[in-house]
Amino acid sequence: MKILVTVKEVAEVEDEFEISGDDIAEQYLEYDLNEWDDYAVEEAVQISEEAEDVEVVTATIGPERAEETIRMALAKGADRAVRVWDDDIESASYLDVEAKAELLAAVVEEEDPDLVLTGVQAGDESNGATGVTLAEKIGFEWAAVVNQLDLDIEGGVANVHRELEGGVEELTEVESPAVLTIQSGINEPRYASLRGIRQAQSKPLDVQTLDDIGLDADVLESPLAQTDLYEPESEGDATVWNGDAEETAGQLAEFLRDKGVVEG
Amino acid sequence: MDFELPEGIDQIRKEIRRFGENEIEPVAKKYDREEKYPHEVMDKANEMGLLGASIPVEYGGAGYSVLETSIICEELFAIDPGIGFCIVASSFGTEAIQEFGTEDQKAEFLEPVARGEKISGAAISEPHAGSDVSSISTRAEKDGDEYVINGNKMWISNGSIGDFFVVLCQTDPDAEGRYNGFSQIIVESDRDGFEADKIKGKLGIRASDTAELIFDDVRVPEENVVGTEGMGFLQQMQFFDATRVGVAAQGVGLAKGAADRALEYAQEREQFGQPISEFQAIQHKIAEAYTDIEAARNLTYKGAWAVDQGEQITKLASMAKEYGSRVAVDVANEAVQIHGGAGYVDDFDAERFYRDAKILQIYEGTTEIQKNIIARELLGKGMS
Ligand SMILES: Cc1cc2nc3c(=O)[nH]c(=O)nc-3n(C[C@H](O)[C@H](O)[C@H](O)COP(=O)(O)OP(=O)(O)OC[C@H]3O[C@@H](n4cnc5c(N)ncnc54)[C@H](O)[C@@H]3O)c2cc1C
Numbered sequence: 001m002k003i004l005v006t007v008k009e010v011a012e013v014e015d016e017f018e019i020s021g022d023d024i025a026e027q028y029l030e031y032d033l034n035e036w037d038d039y040a041v042e043e044a045v046q047i048s049e050e051a052e053d054v055e056v057v058t059a060t061i062g063p064e065r066a067e068e069t070i071r072m073a074l075a076k077g078a079d080r081a082v083r084v085w086d087d088d089i090e091s092a093s094y095l096d097v098e099a100k101a102e103l104l105a106a107v108v109e110e111e112d113p114d115l116v117l118t119g120v121q122a123g124d125e126s127n128g129a130t131g132v133t134l135a136e137k138i139g140f141e142w143a144a145v146v147n148q149l150d151l152d153i154e155g156g157v158a159n160v161h162r163e164l165e166g167g168v169e170e171l172t173e174v175e176s177p178a179v180l181t182i183q184s185g186i187n188e189p190r191y192a193s194l195r196g197i198r199q200a201q202s203k204p205l206d207v208q209t210l211d212d213i214g215l216d217a218d219v220l221e222s223p224l225a226q227t228d229l230y231e232p233e234s235e236g237d238a239t240v241w242n243g244d245a246e247e248t249a250g251q252l253a254e255f256l257r258d259k260g261v262v263e264g
Numbered sequence: 001m002d003f004e005l006p007e008g009i010d011q012i013r014k015e016i017r018r019f020g021e022n023e024i025e026p027v028a029k030k031y032d033r034e035e036k037y038p039h040e041v042m043d044k045a046n047e048m049g050l051l052g053a054s055i056p057v058e059y060g061g062a063g064y065s066v067l068e069t070s071i072i073c074e075e076l077f078a079i080d081p082g083i084g085f086c087i088v089a090s091s092f093g094t095e096a097i098q099e100f101g102t103e104d105q106k107a108e109f110l111e112p113v114a115r116g117e118k119i120s121g122a123a124i125s126e127p128h129a130g131s132d133v134s135s136i137s138t139r140a141e142k143d144g145d146e147y148v149i150n151g152n153k154m155w156i157s158n159g160s161i162g163d164f165f166v167v168l169c170q171t172d173p174d175a176e177g178r179y180n181g182f183s184q185i186i187v188e189s190d191r192d193g194f195e196a197d198k199i200k201g202k203l204g205i206r207a208s209d210t211a212e213l214i215f216d217d218v219r220v221p222e223e224n225v226v227g228t229e230g231m232g233f234l235q236q237m238q239f240f241d242a243t244r245v246g247v248a249a250q251g252v253g254l255a256k257g258a259a260d261r262a263l264e265y266a267q268e269r270e271q272f273g274q275p276i277s278e279f280q281a282i283q284h285k286i287a288e289a290y291t292d293i294e295a296a297r298n299l300t301y302k303g304a305w306a307v308d309q310g311e312q313i314t315k316l317a318s319m320a321k322e323y324g325s326r327v328a329v330d331v332a333n334e335a336v337q338i339h340g341g342a343g344y345v346d347d348f349d350a351e352r353f354y355r356d357a358k359i360l361q362i363y364e365g366t367t368e369i370q371k372n373i374i375a376r377e378l379l380g381k382g383m384s
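Sequence lines, in order, name chains A and B.
All the letters of the first sequence, read from the start, carry residue numbers 1 to 264 under full-length UniProt numbering.
All the letters of the second sequence, read from the start, carry residue numbers 1 to 384 under full-length UniProt numbering.
If you're looking for bench data, these hints aren't it; they were derived computationally from the structure.
Don't be surprised by glycine CBs; every beta carbon is placed ideally from N, CA and C.
Where hints are given, some of them may not hold.
[What the hints assert, rightly or not] Selected chain B positions facing chain A (Cβ under 8 Å, derived; list incomplete): (1) D10; (2) Q11; (3) P127.
[Claimed, not checked] Sample of chain B residues facing chain A (criterion: CB under 8 Å; computed from the structure): (4) E7; (5) G8; (6) I12; (7) R18; (8) E21; (9) M48; (10) L50; (11) A53; (12) P56; (13) A62; (14) Y64; (15) F240.
[Claimed, not checked] Distance condition first, Cα-Cα at most 27 Å in a straight line; then the derived DSS-like pairs of lysine-lysine: (16) K14/B <-> K203/A; (17) K371/B <-> K315/B; (18) K203/A <-> K44/B.
Extracted from the complex, chain A is given alone in its bound form (with noise of 0.2 Å):
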């Protein structure tokens, strides 16, 4: 079985961060592996430590120093790595959804997994949409914001429970070859071992241009374009209380009666 698990290396801001032009300013950015598809490749790597036979492969659209992050998810045990980008994805100005869907597409028409895994949405654009846009072009059957799966490999079905909004779940069976989106707190990842970080430096990682996986610039078209990047102003506080609960009770009771919401 070959399960693919697409993954994104985000940019993190810190606290205090500048804009310049239509982006954060770099020295403010730091960069990591997008942390719904922390757990992503999480629940393929344990599916390929309990089972036989299972090949775990990370797709990412990015450049070059992406490969550290991908070379961690190959540290917490996928076996390789596949890496699309060229000059043209490089240069395009704004990769969309719906490019995104159709390179990761390309990929998994190359590789023809079982299993499809993404994370639920990516930290930096919190588009939450490009699992499901790529299950709907490669035709396989999709569930997202997923909480739990347990995989029946013979029989090619996933047991999957969903997370619906209002904490409302939903139990349904997946068939295979299909595309699911990992919630956050499916699983506990693991820390790649220093074993491991020794062993992924020798793990295939292929990188792959538009031309490799059969596609012309023309994907990268896009209707969308990013205009502004601004920071909202904010228009109310919050304030936290830490502590007991006798002791926050006490706090909000008092924070309450000064600011005239109680009497007395």
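Since chain A is already given, all that's left is putting chain B with the ligand on it; use the hints.
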């Protein structure tokens, strides 16, 4: 200057920081205050494969070089020197088994340490023999195919929680030459006649375990001798380059941890209507701290790299150890100063780093001994 950082080192740094933030920082103060060995953190460190990083892959370790283990050490000490020490010290003494041990000894003693099932220690110092190692008097007498050990070892890290120790003993008191007649012998802590007495009240690295070991007719089989009988002291000396570079790395990490905290505090704390980081006096402290750390780091990495190339670097290792530990003490001192009153209490980490720093100038050869060695090498005098 042709040394390079190894591949994958950024990932190692990043993952250790993540581990430190989640698993060490929240509990560091507690273990320091309670002077308690952090078994729970050690279990988690083991899951991450942080224990026995230098043990070869074929014995279950990660097979990391001296340079890589130095960088691991640096990162851990920047998070918390006490717990960081526990992690790096969990395989103390095994370097002798790696280098001189038999296949049976390697399988029996290295593998469980690499798997995190056993903790080891190195027992050299004695109540009456610290800097003057060659005056140790713990005696191992041959009796048939066993050794009978009597004596006391002092200040032994992991002493009351360790499973076995590589103990430097005198096996032939009549041997000619100051450095002959000693042997490294593995002693398991469950042998009859072995006792460990935990030493309490340490100034710093209080999460770590330190004990006095008492050997009262402890019998071990002759298979427990590591390497060649009578050559123990000279074997031991071969690791000084690596272990001293290791302490230098501890110093770099500790200083970085203290400086980072001071830098953060200086930007938050306001006096006279501005952050104290606006005052030139504070800026200079910070500038000097980071400059010293960078210098110590380069000295350390160069030393570590040279050890990995198989070079003998007695002088360089002593320079790195002496300078790295001095920078740690100085920077931790300035970090407290930058914190003002807040640096004098345990609300902030600065106070703990200040207390932790001092040990680096004492163990693995004091500052004075390092300077003696550097001068001896410069003056072209051999060991006497
Ligand atoms: C927390 C802790 C952990 C330790 N862990 C271990 C361990 O795991 N295994 C182990 O074997 N040991 C361990 N030690 C012991 C440590 O290595 C010794 O404390 C150290 O070598 C100094 O020896 P000493 O304490 O006997 O001091 P002394 O040798 O008595 O030194 C006292 C002072 O005299 C100075 N001095 C001594 N000789 C000279 C000289 N020739 N020239 C100039 N000055 C000199 C010293 O520099 C020092 O300032 C540990 C110690 C501590 C505190």
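Here is how each hint holds up against the structure:
| no. | hint | in the structure |
| --- | --- | --- |
| 1 | D10 | holds, 6 Å |
| 2 | Q11 | holds, 5 Å |
| 3 | P127 | violated, 37 Å |
| 4 | E7 | holds, 5 Å |
| 5 | G8 | holds, 5 Å |
| 6 | I12 | holds, 6 Å |
| 7 | R18 | holds, 7 Å |
| 8 | E21 | violated, 11 Å |
| 9 | M48 | holds, 4 Å |
| 10 | L50 | holds, 6 Å |
| 11 | A53 | holds, 5 Å |
| 12 | P56 | violated, 11 Å |
| 13 | A62 | holds, 4 Å |
| 14 | Y64 | holds, 7 Å |
| 15 | F240 | violated, 25 Å |
| 16 | K14/B <-> K203/A | holds, 19 Å |
| 17 | K371/B <-> K315/B | holds, 9 Å |
| 18 | K203/A <-> K44/B | holds, 26 Å |
Consistency note: the structure conflicts with the earlier hints numbered 3, 8, 12, 15.
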